[in-house]
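A.B. asks: Construct the complete structure from the given sequences, taking the supplied hints into account.
Residue numbers (this note's numbering), protein chains in the order written: chain A, 1 to 393; chain B, 1001 to 1227.
Some clues are possibly wrong.
[Claimed, not checked] Between beta-carbon pairs, the in silico distance windows are:
#	chain 1	residue 1	chain 2	residue 2	range
1	B	1019	A	14	44 to 54 Å
2	A	10	B	1163	57 to 67 Å
3	B	1016	A	261	51 to 61 Å
4	B	1163	A	269	17 to 27 Å
5	B	1019	A	357	20 to 30 Å
6	A	272	B	1033	56 to 66 Å
7	B	1189	A	283	38 to 48 Å
8	A	392	B	1189	26 to 36 Å
9	A	7	B	1023	55 to 65 Å
10	A	357	B	1072	53 to 63 Å
11	B	1218	A	2	42 to 52 Å
12	B	1017	A	376	25 to 35 Å
13	A	376	B	1175	53 to 63 Å
Just so you know, these hints were derived from the structure itself, not from any lab. No residue lacks a Cβ here, since even glycine has one placed at the ideal position from N, Cα and C.
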Amino acid sequence: MILDILRLSFRNIRHRGLRSWLTVIGILIGTAAVVALISVGQGLQRAIAQRVEQIVGYNTILITARGLNLGQRIRLDIEAIRAIPGVRNAIAVRTETAYVEGPGGKGFLTVLGYDPAMAEFVAEMNLTVASGRALAAPGEVLLGSRTARVLGADVGDGVTIEGKEFQVVGVLQAQRAGGFATGGLSLSDVLVISLPELRQLFPGPELVHYAVVRLADRADMALVRERIRDHLRAVGERNAALTDFEDLTRNIQSVIRGVQAFLAGIAGIALLVGGVGVMNTMYTAVLERTREIGVLKAIGAKDSHVLLLFLFESGLMGLAGGALGLVSGLGVAWVATLVVSRMLEAQGAFSPALTASLVFGSLFFAFVVGAVSGLFPAIRAAKLPPVEALRYE
Amino acid sequence: MSTALVELQGITKIYRLGEVEVPALRGVDLSVLPGDFLALMGPSGSGKSTLLHVLGLLDRPTAGRVLWEGADVTRLNGGKLAELRGRRIGFVFQMFNLVPNLTALENVELPLVFLGVPARERRRKAREILERLGLGDRLRHRPNQLSGGQQQRVALARALVTDPALLIADEPTGNLDSATGREILALFVELNGQGRTIVLATHDPEAAAVAKVRLRLRDGRIMEVER
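C.D. replies: Below is the structure:
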């Protein structure tokens, strides 16, 4: 009997044609917005977790100015940190502003001190040369793509940095975005020389953008952190903060989750409006079919039959809107991630997340929104006294 | 004298319209015996529709008792009344009142759906009765594809499919031309001849003429009984 009533509900929805579709579209838009946001958000979280792991890795401590501010420099001695028990290796990223002269131009430019160990820690430090080769010996320099244009220099030319002669052995591949590697500066805008040579050019206290410390297997994270703090205190650095992989992911994820919850909340309002649409349609349907309700009751329909008939109608419309919304929401998410991935370019592509809980959750939720919105109209229909319903013109 | 199918004892029905009380029935006593064919006549507002609704268990009296086959059903709850209506009473209305988006066959099946009759049996019974009423070639038609007379016959089939003890008709010929109306009335006579108990309300003297007993109502009372 339930199935028969369900079929009757389905007939009634089809019978209303355009109006049913409009109601379904209301639910569709709300569901699509929620699904798209959650899918993109989860995809982003997953991508960021992977990326953070790639850049920083487990077992790793990041030393930066407070607030993960890579632009502000901190004082530390990387050799002393390497010597702390439990530390397997450590690097510090240091840049200096130097007066540089090339064959076709000159200016104050940023010079990065390169340590081959950096490549192990920071993916971007796997310097990719567009022409020429990597650094191999003292007195050699790599130019960022824009720096090469500024100086009018190419592979084989000579440039002077702070009066010292260097030979250009390679030009780096162009990079669009500001990099993690150089404290926000793109590698396109720097010159790269070896770290010992940078130290020779700029003797004195070492100021770095950040340092990355990798622990030996089974080293005690808390203990190493304490030792690093001791070192920073000893060199008089009060503005540094330590972040490990878990801190970092936790921070980023909580920010993303917050933004996502906020956006999903807004999308939820769209779904609510869809629910109001369902309620409106169902109240109209009850009004239009008052006589029919009276007839159904006269020929033996109980209140519960009439209640189910109308609840199924609104629930089915909710479910239809949910299913269509799920598909279109995933479509929107797919397009959005394609666009965002293209904007991020080398920073890493990501794909929307598609989980079972997202699929069944959104379908279930849309059905509930439909059924709940239809509840009051359905109760009104069920409670109509048969005589009054029959008398209704 | 056998037990009455329905017995009304001192039925009063008062409608409230805000502050005003409108009495529709004032102390009506009536027995409907098995095999009866009653016509309720009277001007609009005389109370014949209300009387029909009380007889059909669609409305509750303000005072008085309703006995169905000897049992007092006045205080029965809505669900029980709905079931009793579904099993024992068939209704035919002036406006036919078929469900517009169901076929003739599905309309006739509907009372059996609410009684929980299995689909196959339901279909068989509905088809049988429609064929008996000459609508065997209209099973898949929707109400808007049928003439008024055909619609009323579908409605009659829907009322009869549960094999009810009592058939109640409210102005069944009111929306039909006189030739079609006569056809429907002939069906009523035939049904009564087969032993079906019928109560109809009508303005139409021709319709009233086919009944065995005519009751004239005025101001909520039965004024005259004509056999």
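A.B. asks: Now look at each hint and say whether the structure bears it out.
C.D. replies: Do the hints match the structure? See the list:
{"no.": "1", "hint": "1019/B x 14/A: 44 to 54 Å", "result": "holds (46 Å)"}
{"no.": "2", "hint": "10/A x 1163/B: 57 to 67 Å", "result": "violated (29 Å)"}
{"no.": "3", "hint": "1016/B x 261/A: 51 to 61 Å", "result": "holds (53 Å)"}
{"no.": "4", "hint": "1163/B x 269/A: 17 to 27 Å", "result": "violated (55 Å)"}
{"no.": "5", "hint": "1019/B x 357/A: 20 to 30 Å", "result": "violated (59 Å)"}
{"no.": "6", "hint": "272/A x 1033/B: 56 to 66 Å", "result": "holds (60 Å)"}
{"no.": "7", "hint": "1189/B x 283/A: 38 to 48 Å", "result": "holds (44 Å)"}
{"no.": "8", "hint": "392/A x 1189/B: 26 to 36 Å", "result": "holds (32 Å)"}
{"no.": "9", "hint": "7/A x 1023/B: 55 to 65 Å", "result": "violated (44 Å)"}
{"no.": "10", "hint": "357/A x 1072/B: 53 to 63 Å", "result": "holds (57 Å)"}
{"no.": "11", "hint": "1218/B x 2/A: 42 to 52 Å", "result": "holds (47 Å)"}
{"no.": "12", "hint": "1017/B x 376/A: 25 to 35 Å", "result": "holds (26 Å)"}
{"no.": "13", "hint": "376/A x 1175/B: 53 to 63 Å", "result": "violated (34 Å)"}
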